[in-house]
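Q: Next come the chains, spelled out residue by residue.
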Amino acid sequence: MKNIHWWKWLGVLLVGYSIVMGFMGKVPAQAILHETIRNLYFHVTMWFAMMGLLIASIYYSIKQLSSSTMHNDLLATETAHVAMLLGTCGIITGSLWARYTWGAWWTDDAKLNGVAASMLFYLAYFVLRNSIDDDQKRARIAAVYNIFCFVMLIVFIWVRPRLTDSLHPGNGGNPGFGKYDLDSNMRLVFYPAIIGWILVAAWLVQLRVRIANLTEKIEIL
Amino acid sequence: MKKIIALLTTIFISIYAIAQEAICPEPQQKPEMADLMRSNGKIYVVVTCLLIVFTCVVVYLISLDKRLSKLERNE
Numbered sequence: 005m006k007n008i009h010w011w012k013w014l015g016v017l018l019v020g021y022s023i024v025m026g027f028m029g030k031v032p033a034q035a036i037l038h039e040t041i042r043n044l045y046f047h048v049t050m051w052f053a054m055m056g057l058l059i060a061s062i063y064y065s066i067k068q069l070s071s072s073t074m075h076n077d078l079l080a081t082e083t084a085h086v087a088m089l090l091g092t093c094g095i096i097t098g099s100l101w102a103r104y105t106w107g108a109w110w111t112d113d114a115k116l117n118g119v120a121a122s123m124l125f126y127l128a129y130f131v132l133r134n135s136i137d138d139d140q141k142r143a144r145i146a147a148v149y150n151i152f153c154f155v156m157l158i159v160f161i162w163v164r165p166r167l168t169d170s171l172h173p174g175n176g177g178n179p180g181f182g183k184y185d186l187d188s189n190m191r192l193v194f195y196p197a198i199i200g201w202i203l204v205a206a207w208l209v210q211l212r213v214r215i216a217n218l219t220e221k222i223e224i225l
Numbered sequence: 249m250k251k252i253i254a255l256l257t258t259i260f261i262s263i264y265a266i267a268q269e270a271i272c273p274e275p276q277q278k279p280e281m282a283d284l285m286r287s288n289g290k291i292y293v294v295v296t297c298l299l300i301v302f303t304c305v306v307v308y309l310i311s312l313d314k315r316l317s318k319l320e321r322n323e
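As they're listed, the protein sequences go chains V and W.
Each residue of the first sequence is one higher than the last, beginning at 5 in our numbering.
Each residue of the second sequence is one higher than the last, beginning at 249 in our numbering.
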């Protein structure tokens, strides 16, 4: 147990806490939403964790361009990989939630289509990175494209939904989730859940990076 | 250890603020909530199931982590 870092335990603890309190805690009674307001702890945290990881990913990409040690390139890719896993979970859970509150599995909502497009950008990033054989060139082109992806993500999920109509809270004239729905009881579960999921995701990234490093060493042998 | 305690303290510091909140009178008509399901206690079954699933995933992650550490030591 010694090699399991303290932050991994903390992540597990916080996510565990959010699972228990996500069901047991007090939530405000809302029309239409009813108990599904608890999805805030499970669906919305996926997106927050994804954003956290993608910010880390662009940070490594910028570091890659300024220092050009190959390690940063690997970190940027693996972080984006795990971020896409979280995003996929977010899309699936969001679709389910939408079915029972907005009435359809998929709507024309700007945020939904925006995030789907952004995830395709990131898939293209993986394809692009894998298609270049030269290590140095791959790292540089992938880093530049990753920065481009992140800018598109910001435009697609944070800017554009605010300019058009959107069913999501806080977008297109809708009030933000925090204003009426998110009370202090919910914050007490929501924020620890975000930190917990980011830590658990970081654990997954670390495992992926270690596997990649080992694989590389075996290939050299 | 100090880091964990400091972080947990900052996260949960608002518990103190909740204790200071005034109790508002309940509105007459409340939207329908699954109060019954929790009152008869069966929601705990679901919570336990989720916790078991999560524990299994975590145990699996720990075993992966350990196996990797072993490989890293051997090379």
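Keep in mind that the hints were calculated from the coordinates and are not lab data.
For every residue, glycine included, the Cβ atom is placed at its ideal position computed from N, Cα and C.
Treat the hints loosely; a few may be bogus.
Unchecked claim - Here are some chain V residues the structure puts well away from chain W; computed CB gaps all over 10 Å:
1. 106
2. 127
3. 207
Unchecked claim - Listed below are several chain V residues computed to face chain W (Cβ distance under 10 Å; list not exhaustive):
4. 8
5. 13
6. 18
7. 92
8. 117
9. 121
10. 125
11. 131
12. 142
13. 218
14. 221
Q: Next step is simple, just say for each hint if it's right about the structure.
A: Comparing the hints with the structure gives:
For residue 106(V), the shortest C-beta to C-beta distance to chain W comes to about 17 Å, beyond the 10 Å cut-off, and the non-interface label holds. Interface exclusion of residue 127(V) from chain W stands, the closest Cβ pair being 25 Å apart, more than 10 Å. The Cβ of residue 207(V) does not lie farther than 10 Å from every Cβ of chain W; its closest approach is about 6 Å, which violates its non-interface assignment. Annotation: interface hint on residue 8(V) holds; nearest CB of chain W at approximately 6 Å, less than 10 Å.
Proximity of residue 13(V) to chain W holds as hinted, the smallest CB-CB distance being about 8 Å (cut-off 10 Å). Using the Cβ-Cβ criterion of 10 Å, the hint placing residue 18(V) at the interface with chain W is satisfied: the shortest such distance is roughly 8 Å. A least Cβ separation of about 16 Å between residue 92(V) and chain W goes past the 10 Å threshold, and the interface hint is therefore violated. A distance limit of 10 Å between C-beta atoms decides the matter here; for residue 117(V) the minimum to chain W is near 30 Å, and the interface restraint is violated.
With 10 Å as the threshold, the beta carbon of residue 121(V) stays out of range of chain W, its nearest partner Cβ sitting at about 30 Å, so the hint is violated. Interface hint at residue 125(V): violated, since its Cβ lies 29 Å from the closest Cβ of chain W, which is beyond the 10 Å cut-off. At a threshold of 10 Å, the smallest CB-CB gap from residue 131(V) to chain W is about 26 Å, leaving the interface hint violated. Contact between residue 142(V) and chain W, as hinted, is not supported at the beta carbon level, the nearest pair being about 24 Å apart and thus beyond 10 Å.
Annotation: residue 218(V) was flagged as interfacial toward chain W, and the flag holds, the nearest CB pair being 6 Å apart, inside 10 Å. Interface restraint check for residue 221(V): the shortest CB-CB distance to chain W comes to about 6 Å, inside 10 Å, so the restraint holds.
Hint violations for this structure: numbers 3, 7, 8, 9, 10, 11, 12, all remaining hints satisfied.
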